[in-house]
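**Q** As a plain string of letters, each chain reads:
Protein chains: 4
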Amino acid sequence: MNLNGVHVEDTFAELFPMKYSRLLVTAATERLALTSAREATGFGTSIIMAPGEAGIERTLSGDETPDGRPGAVIQVWHRDEENLQNALLGRIGQCVLTAPTTALFDAGEDQGFPLGKQVAFFGDGHQRQQERYGRDVWVVPRMDGDFVIEDSVSIEDGVAGGNFFVLGETQGSALQGTEAAIDAIDRVEGVIASFPGGICSSGSKPGSEQYGFMLATTNEAYAPSLRDEVDTALPDEVGAVYEIVMNGVTLEALEEATAAGIRAATTVDGVVGIDAGNYGGNIGPYKIHLREVL
Amino acid sequence: MNLNGVHVEDTFAELFPMKYSRLLVTAATERLALTSAREATGFGTSIIMAPGEAGIERTLSGDETPDGRPGAVIQVWHRDEENLQNALLGRIGQCVLTAPTTALFDAGEDQGFPLGKQVAFFGDGHQRQQERYGRDVWVVPRMDGDFVIEDSVSIEDGVAGGNFFVLGETQGSALQGTEAAIDAIDRVEGVIASFPGGICSSGSKPGSEQYGFMLATTNEAYAPSLRDEVDTALPDEVGAVYEIVMNGVTLEALEEATAAGIRAATTVDGVVGIDAGNYGGNIGPYKIHLREVL
Amino acid sequence: MNLNGVHVEDTFAELFPMKYSRLLVTAATERLALTSAREATGFGTSIIMAPGEAGIERTLSGDETPDGRPGAVIQVWHRDEENLQNALLGRIGQCVLTAPTTALFDAGEDQGFPLGKQVAFFGDGHQRQQERYGRDVWVVPRMDGDFVIEDSVSIEDGVAGGNFFVLGETQGSALQGTEAAIDAIDRVEGVIASFPGGICSSGSKPGSEQYGFMLATTNEAYAPSLRDEVDTALPDEVGAVYEIVMNGVTLEALEEATAAGIRAATTVDGVVGIDAGNYGGNIGPYKIHLREVL
Amino acid sequence: MNLNGVHVEDTFAELFPMKYSRLLVTAATERLALTSAREATGFGTSIIMAPGEAGIERTLSGDETPDGRPGAVIQVWHRDEENLQNALLGRIGQCVLTAPTTALFDAGEDQGFPLGKQVAFFGDGHQRQQERYGRDVWVVPRMDGDFVIEDSVSIEDGVAGGNFFVLGETQGSALQGTEAAIDAIDRVEGVIASFPGGICSSGSKPGSEQYGFMLATTNEAYAPSLRDEVDTALPDEVGAVYEIVMNGVTLEALEEATAAGIRAATTVDGVVGIDAGNYGGNIGPYKIHLREVL
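Going down the list, the protein sequences come from chains A, B, C and D. Sequential numbering from 1 applies to the first sequence in this note's numbering. Sequential numbering from 1 applies to the second sequence in this note's numbering. Sequential numbering from 1 applies to the third sequence in this note's numbering. Sequential numbering from 1 applies to the fourth sequence in this note's numbering.
Isolated chain A (complex conformation) (with noise of 0.2 Å):
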């Protein structure tokens, strides 16, 4: 399959479940909504050795907010809910609770977990539970006044290890047609790609070979300073490669997200193929298949 005369393997993504939050930061203006969110969400990769995996969903204005303000939905995710309400009270507590003029709101549906409870005995009993614009919330004195945080957060099953790699000539054009991937995939609601600028130049395979201690190593099908010494999956003309991993609240925004990602990769100028990455059907339950969603 060619599209936009780049080659699309017949190949298919391998995903599984996991845990996350989705969660509303607003703030006096965007700016200050997206430096609370950014900090929030650093460090949030992979949880292989990341505290969670995090990222910025997208920006909301202040008409689609509880408070009038404009806000930026982050998302959290984690293996189990355990490790997930950690990840949360030190990413909202860290980076929420002290940045400047931010309140912080669920965007989920199934509110659980009494973060906003727990996040407010910061005011060391100064804390005041009301209810503000139709929610539970708690009011914490700092400051720069109060800091609003709403009582309790959703904890939800969403879908994790979506992905796709470009190809490129060279490595400036792999990361170019990468990037215009993720301009795509950042416009798809519920989905993230945690890593750095969405973009993984360390694609990895389910533990090592070599190592018993590691849970994931280098892909080398795809390293291109291996071609030579392994059995690698390049065609002669790839210089380098890129993947995009993503995480979504549905399994049909992973599929949005990765048709949209790759017709944008498709466009750019040197990309010439794409791939994905499964390991033979034995990670996880879902699978998409780069061909279907296009």
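Take these hints with a grain of salt, some might be off.
Since the list gives no way to pick out one identical chain from another, each pair is judged satisfied if it fits inside one copy or across any two copies.
[As the list claims (entries may be wrong)] Restricting the straight-line Cα-Cα distance to at most 20 Å, the calculated cross-link-like pairs of lysine to aspartate or glutamate (EDC-like) are:
#1 K19 <-> E9
#2 K19 <-> D136
#3 K117 <-> E209
#4 K19 <-> E292
#5 K117 <-> E14
#6 K287 <-> D136
#7 K205 <-> D146
#8 K205 <-> E292
These aren't lab readings, by the way, just hints derived from the structure by calculation.
With chain A held as given, fit chains B, C and D onto it using these hints.
**A** Chains B, C and D alone, transformed into the frame defined by chain A:
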């Protein structure tokens, strides 16, 4: 003492020793170096509940880096060596190894922690130890080419807890004054301000009067909404306060940053006072007296 | 009338017709489209002494553009068709043709001005007229490949001079409120705010009382430092004012932007009033009454 | 000559004298100074059809500016003094006077053009001439307080037309190499690169072979899509080229920028050549030989 018509309180910040590493992320362009550096230093505000404190110190031109490419100097801090090593393994392995076109070098002096060797296990046997640019490095095959990482990095003794408060007539003025201070601090070598945008809106006191499980709670004397309930430290005309918290490679660097930051804050309309946080002198062995450094 | 506790003056903005073109800059990535769009709309604040008024209206995903690449919709305005054509030739020929990976399409309705044909003379005989993406375009060889530009672009009748003032207790609060308003206006389709960052700090009256050669001079009734010298319009508690000036493709778009901007400004701490500029109703045939649109 | 394995052509750039002003925009924060500076230097790529050439040279901390606030040094260039004065009146009056919290100072040496006095007529009789910070300034009442502008600014003789070409295997690699070069050039004092993002994708030759009315047209020898139609200068492996065009306060500054930019470009994967533009030595009296400055 008045500076540009702004009252500077006769007080001091209390500081204490912590461990840090100072690392250099290079990439094909400065934009790409910063993409990695921002992810690697995210969720790094305070060790109270974040996995280390981290920030971008400054950017370097290719003339100043081992591989001739632009770079960003980052710092990662923790209370002791073991915690710092864990933070480094996660932050570099998850946010620099994974980022497009990056390399990682030590920017300190006594390379003792074999971070590079450990991160290089990602190569699954294909990693190679080499000398490049006069440095002992590992070359790790990844999808966009080879990742270069210095074999060992330094862990050194620095000073944490530098701080001052910016008091404004309104929230907008206090924030603008604090942002001006951060602009100035960003130019002081050796110093980071790890809170979101460099700014802490939830200045705290150690411990809690109400909750034994809390390591830090709101500094109620500086909370405007508690003005009538507690023994406030806020003059009548103050509507909001922000705190800047800084770590530095030396006490002298923090003194310079404190002075530069305060001078900058006082140039902003609506800033009416400068103060600092200390807790009876019991927190740490170092002091920075605001009036002395100005 | 009070909105979020902020007084909204019973007044109106006066508006008048102007000519505009609405164009689409696409590029390999959104970042590159914006690099070109920012240069092309720079030095475009007011036709009083700038070569047209210009701004970025919004960004588009590849799904919404002719060539499937991300893009930025820009508007360029002038008092008449001849001046607008000159502004377009300069801005597009110098800032879009010259920018990496760009293409230029019309985003209006009645293509009548052969901008593309004229810019394509740059090809020095090597330009080619073609149909691509269902559009009549010129293909112009340049150093990074071929530049594609639509043969003709639209020149249409729009409405200029939409405005309101944000009054704050301090400069910092007035500015933060105005930035919140710009965040909201940025999301309204069809509208640009052409001043730096969308904000005018030097609101003016038409003409001058002192200098016949000046087309516009300071609106002294709103200048805080002239409060005691002139017949001021400033309540006692106001320390600073910013004006937002907007052009829109229809009066309705400007009404929507005015309402959204005012609502946003009133959510900011320290904003104490909203006002607008009119000059006896003699400047233009259209009016936007602040209280009516809210 | 090879640099990092990249061929550097044995050629030179041709340069010529032009007039420039070097000005300093200060503001409450660096972000606000840059908002004004970007608008003031926009639509400033080439005097062929833009109102002067303009760019941001560098930013300054408050320690380096007259009013102790952060600032941005900008340059504006034109072919003669009269055109430059017009460009300055428009750019400063429309983009600095109008921007939040700004002030404007000369950053040159021989203040001879009374820009400040003329812009200050905006005060409509309320402007006041004063000495502040050891400078002769005008204080002009505006909505957010008083605008301060130095009475006179310098107009000096500089050197324009510094240039080199970055040749890449693909468009993505050529662009990444050129962006690396711009990162390096941004750090050289006294130099601006006025095209969008500092980069010109439509390198030109003077005049036209086909159209007498065109001052510059495509440099077809470097256009990849004309490779088979014209006497190409492109080696087989080159897929795309970008040009960097620079103006500088001295020839030495441009030599330094040329060397730094070329060195940086050659560190990027997929960059395969460096070249430069000259037209028989008839354009200007100065030359920069690429190999000599390296």
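**Q** Are the hints correct? Go through all of them and say.
**A** Hint-by-hint comparison with the structure:
1. K19 <-> E9: neither (30 Å within a copy, 49 Å between copies)
2. K19 <-> D136: neither (23 Å within a copy, 41 Å between copies)
3. K117 <-> E209: Cα proximity of K117 and E209: across copies only (17 Å, versus 46 Å in one copy).
4. K19 <-> E292: neither (26 Å within a copy, 47 Å between copies)
5. K117 <-> E14: The answer is neither: 37 Å in one copy and 31 Å across copies each exceed 20 Å.
6. K287 <-> D136: Cα proximity of K287 and D136: none, with 39 Å in one copy and 42 Å across.
7. K205 <-> D146: Answer is between: at 17 Å across copies they meet the 20 Å cutoff, but 47 Å inside does not.
8. K205 <-> E292: neither (24 Å within a copy, 49 Å between copies)
The earlier numbered hints that this structure contradicts are 1, 2, 4, 5, 6, 8.
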